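Using the hints provided, position chain B relative to the given structure of chain A.
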Amino acid sequence: MQSRYISMSLIETLSIFCLFALFFQCSSNKSKKDTEVKIEDFLTDDEIFDDIDKAKKIFYSLPSPLETAMIIKSAGAEYNEQLLNVLGNTEKYTTNKSMALNLGIYTTDLSFASLNDQTQTSVKYMEAARKMAKGLDISDAIDDQTIRRLEDNLDNSDVIMDIISETFLNSSSYLKENDRPAVAAIVLVGGWIEGLFIATQLVGDKQIEGNKLVNRIAEQKLSFKIVQRMLADNQKNEAGEENEDIARLMIEMADLKNVFDKIKVETSEIKVEPSKESSVATLRSQTKITITQEVFNELRNTVNNLRTNFVQ
Amino acid sequence: MKRLLHLLSTIILIASINTSLHAQCKGFAKKICKLELIPYIHDGNYHAAILTEGEEAELYKTFYSGQKYRIAVCGTDVLSVIEFQVIDAYKNVLYDNRKDGNSRIWDFELESSQQLKIAVKVPENDGDSEYPQSGCVAIMFGFKEK
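For the protein sequence lines, the chains are A and B, in the order given. Taking the numbering used here, the leading residue of the first sequence gets 1, the next gets one more, and so forth. Taking the numbering used here, the leading residue of the second sequence gets 1001, the next gets one more, and so forth.
Simulated from the structure, these hints should not be mistaken for laboratory data. The structure displayed is predicted, hence computed values, not measured ones. Check each hint, because a few of them may be wrong.
[Said to hold, decoys possible] So the derived list for chain B, only partly shown, Cβ under 7 Å to chain A, looks like this:
no., residue
1, Lys1026
2, Tyr1046
3, His1047
4, Phe1108
C-beta: ideal position from N, C-alpha, C; glycine also.
The shape of chain A in the complex, shown without the other chains:
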């Protein structure tokens, strides 16, 4: 009788707990939706972000470290190893935020090195990225086998890029599927800032007139809008609690917003032109970029300060 009473009250307690859990899951979904509506409040008329609360799921996609490195390289950036984050810095990163930022930073460095055929450096930076991933408890993303595969294919750039892409997919999918999308967002921001840092430093004090890399840097204003929304989207977790790392990162990036506000990127409507020879369509449009030397210098300094803050 006694044991039956205990088992019944245990089942009742469990059921109540499960009902509460279900209730809070519903509430958290509601608060997530509320956040999405708030995002719409600060939309401007020159943006693509409209009807944002209609869809069940919204994704904001920033260039990955691999794409960032490719964007810089295709704009004619020369390789300069001095600009990469120092490998010895790995020991300094002990917080979730610093490890996430530097996982992105080291992955962009790794991508930049490998796209420039710096194979030995690539292996070293993969090791650095691995340490960050291990610290974030996603060591499966980059394991011994990944490093061995990289070492075995040092003369095959296609395989190296495939390995980088796969390790990044492993870490981002793991973080998102394990309710850590905020960490995944911070990794992306770190990688994107590193690309901006390398590109602005490579331009240096040179005149910006006619510099292809400067146009590419100014165009990052388009991705910066995605950064802002991605961070805002991850500011609160499913239970409605504020994520301190994201909140701090948003404050740290406020200066960057002020500089990007001084850069004008205007785009025309797009005409789609199907190809006669291949299946690749061409999107024909014009982009007008307005940036002064003074604003560029300010952008370079702001990015430098931000990146110094991330890697120190």
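Structure of chain B alone, referenced to chain A:
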């Protein structure tokens, strides 16, 4: 008592289906959808979610000139075809896979960099199923230098 046990088992069943769908989603994106990108290089980003028939998802991304891109939008077998459109800042539909034999992929290059929206919809199925089906939908990007 029976009611409580029934309630508990339902809750556990829902929770386990949810977890299993998420795991399935990760594997689906990595092992199936990613193959659609070949010969392009996958950018490494992961965008996948469990959607139910009738639901929509949107993705915002900046695409840069100087590169060729491939978009792949795939859904697990339990879902019927996945519809997707590529839309520009002026709300012009640049591509609609319904007019391209429900293709899972679209290849393009840009004269100048642009921010685009990928709108994805799981259409409602007119099949025999009594309840709307749920499955994984993945949106993946590949690129290569021009």
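Verification of the hints:
| no. | hint | verdict |
| --- | --- | --- |
| 1 | Lys1026 | holds (5 Å) |
| 2 | Tyr1046 | holds (4 Å) |
| 3 | His1047 | holds (5 Å) |
| 4 | Phe1108 | holds (5 Å) |
Hint violations for this structure: none, all hints satisfied.
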